[in-house]
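Protein sequence lines, in the order shown, are assigned to chains A and B.
Per this note's numbering, the first sequence starts with residue 243, numbered consecutively.
Per this note's numbering, the second sequence starts with residue 243, numbered consecutively.
These aren't lab readings, by the way, just hints derived from the structure by calculation.
Don't take every hint at face value.
Since the list can't tell identical chains apart, any single copy or any two copies may satisfy a pair.
In silico DSS-like pairs for lysine-lysine, Cα to Cα no more than 27 angstroms straight-line [unchecked claim]:
#, residue 1, residue 2
1, K283, K249
2, K539, K283
3, K499, K283
4, K344, K539
5, K344, K499
6, K551, K499
7, K551, K283
8, K283, K344
9, K344, K521
10, K521, K551
In this text the structure is predicted, and so the values were computed from the model without any measurement.
Take a look at the letters that make up each chain.
There are 2 protein chains.
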Amino acid sequence: MTANRRKILDVLNGETLSPPPIWLMRQAGRYLPEYREVRAKAGGFLDLCYTPDFAVEVTLQPIRRYGFDAAILFSDILVIPDALQRNVTFSEGRGPAMDPIKVDEISALDGDGLLEHLAPVFETVRRLRVELPGETTLLGFCGAPWTVATYMIAGHGTTDQAPARLFGYQHPEQFDYLLALLADLSAEYLIAQIDAGADAVQIFDSWAGVLGEEEFDRYCIRPVARMIAAVRARRPAAKIIAFAKGAGLLLGNYRQKTGADAIGLDWTVPMSFAVDLQKDGPIQGNLDPMRVVAAGKAMEDGIDRILEKLGNGPLIFNLGHGITPQADPANVAALVARVRGTAA
Amino acid sequence: MTANRRKILDVLNGETLSPPPIWLMRQAGRYLPEYREVRAKAGGFLDLCYTPDFAVEVTLQPIRRYGFDAAILFSDILVIPDALQRNVTFSEGRGPAMDPIKVDEISALDGDGLLEHLAPVFETVRRLRVELPGETTLLGFCGAPWTVATYMIAGHGTTDQAPARLFGYQHPEQFDYLLALLADLSAEYLIAQIDAGADAVQIFDSWAGVLGEEEFDRYCIRPVARMIAAVRARRPAAKIIAFAKGAGLLLGNYRQKTGADAIGLDWTVPMSFAVDLQKDGPIQGNLDPMRVVAAGKAMEDGIDRILEKLGNGPLIFNLGHGITPQADPANVAALVARVRGTAA
Chain A
243 MTANRRKILD VLNGETLSPP PIWLMRQAGR YLPEYREVRA KAGGFLDLCY TPDFAVEVTL
303 QPIRRYGFDA AILFSDILVI PDALQRNVTF SEGRGPAMDP IKVDEISALD GDGLLEHLAP
363 VFETVRRLRV ELPGETTLLG FCGAPWTVAT YMIAGHGTTD QAPARLFGYQ HPEQFDYLLA
423 LLADLSAEYL IAQIDAGADA VQIFDSWAGV LGEEEFDRYC IRPVARMIAA VRARRPAAKI
483 IAFAKGAGLL LGNYRQKTGA DAIGLDWTVP MSFAVDLQKD GPIQGNLDPM RVVAAGKAME
543 DGIDRILEKL GNGPLIFNLG HGITPQADPA NVAALVARVR GTAA
Chain B
243 MTANRRKILD VLNGETLSPP PIWLMRQAGR YLPEYREVRA KAGGFLDLCY TPDFAVEVTL
303 QPIRRYGFDA AILFSDILVI PDALQRNVTF SEGRGPAMDP IKVDEISALD GDGLLEHLAP
363 VFETVRRLRV ELPGETTLLG FCGAPWTVAT YMIAGHGTTD QAPARLFGYQ HPEQFDYLLA
423 LLADLSAEYL IAQIDAGADA VQIFDSWAGV LGEEEFDRYC IRPVARMIAA VRARRPAAKI
483 IAFAKGAGLL LGNYRQKTGA DAIGLDWTVP MSFAVDLQKD GPIQGNLDPM RVVAAGKAME
543 DGIDRILEKL GNGPLIFNLG HGITPQADPA NVAALVARVR GTAA
């Protein structure tokens, strides 16, 4: 045990720490005034992601404020379609948009130049590893193929990703090809993040919850397993967290089938099931982000229940989804203090 | 067994029928040209719901076309907030909207005049029972308190009902009061539908899938159980289907805890779990509506799997959510023929 011990890596290796280490999805974000300041200077959202000066700064902001046990690279899951020249744009209040892909465009998708396009991201990772405290785990990430594909097909977010579900039924072979391509390119992307200094990576399958079990197997498990195998083939020590939001019961064998070291849990996962999943290895989650907005007893009860039920096994404390802009930064300070047992 | 045997009631009484009876959620809807014609004549969407001539006609349309085993009253779950004078409006493409309710307005909500406001709905039910074929089950319905409350609080639909989740954390007592009030008013509404001639009723909890287990217990199970108990106290023979969309694992004891005769399953419920749930009683579902849009092998495989896995127990064949406007009416004909074994 040294001053540079990275607690989150210990948990990813199966250790139980008390108190558990903590970070929050979207911890660098709009709820922080210092983030909004940088965001205003950066121009477009992708400029923020692709300008290391800005991306490093906003990644560090929540570490300075709260001393989280992990920093997560500031970026977006849609940089992959952006690198594939799908004309990705982000507009305030309306979410991301891109050119919806047609079935006959899929075979022409070209990953050449991917790593060059994403070079500023790796520069950000390199600088972060230098600037972060030694004990802070640096996380890289990417979107899972299914979730990225849902945006590529619809051209924007939808409530239940019906366009991509329909596409998968209508064009199963082309869809499998797209998912495999995204898995392979995402593996390249993760390896480059690891080589730049990321200690571990997280794969976000934010739209895993809208699928039947056959499609979950085919669209979520198989491509994520392919991606993880591709990363491990070249970086055998890579530590990987996979987060299939909303997958519920289908999480039962998700860790085993994908090969992830740890699995993320959203706030709808019942505690008894979370306890079962933790018997197979580390878990991460799963406070409802709305409890952080509500604060007070709602937040405290939620935290206490997670610590009580899941604190006796390998746990990375986190929210069950990203923190929202309306969360008061003071509530986050109270959350961290309660998890660490340092509350007044 | 008579000519007027209503197969769906037999299944609700626990019988296994082969082939299973079938109806589709939103079977009276925009995918039918004859519906769009009436809709254009009706003016606003609520005018369609509240004008028996129109509502009877659109309810009958899919029965004429497909001979479904059930007709479901054409109406909307938001007629309850409309009757509570929350200024409900429907605009094409943007979905429903109403005045978002403030916490201090809740205690003033007044159900007086509810049944008078909804009198055209009961007139529609009475006329339907006369006009429908004797073997067609007539279903009434309402929204579950949680789902109706999510719209009342946000004032519109959202992707994860964060406003209502937050409201529940911030104002637990007022939220419990609102849910109980909606349960009681909805019970009155269902009883009046039953008295007007509805053979059975369905409770739609379309947003059950965004809750943690404690909130699911408190917002979904408890109010729906209250509603069902209130209906049964006065109409002991009432047959009730409860559909908690997206509830996943939390469906495990939903039937037992709510007292519903049958439970609806969405398309994300894994078959092995559906089989378990069917051991406790009738189930309804659960084809992905996108399979009906895709048609062909995707639709056929989905149908066949449901029939194979769930056809040997009490089953009402249905979709896992409402049919969508882009479904071709010819696909629905093919679906019905395949379920009934009358395909060419």
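Checking against the hints above, which ones are violated?
-> 1, 2, 3, 5, 7, 8 and 9
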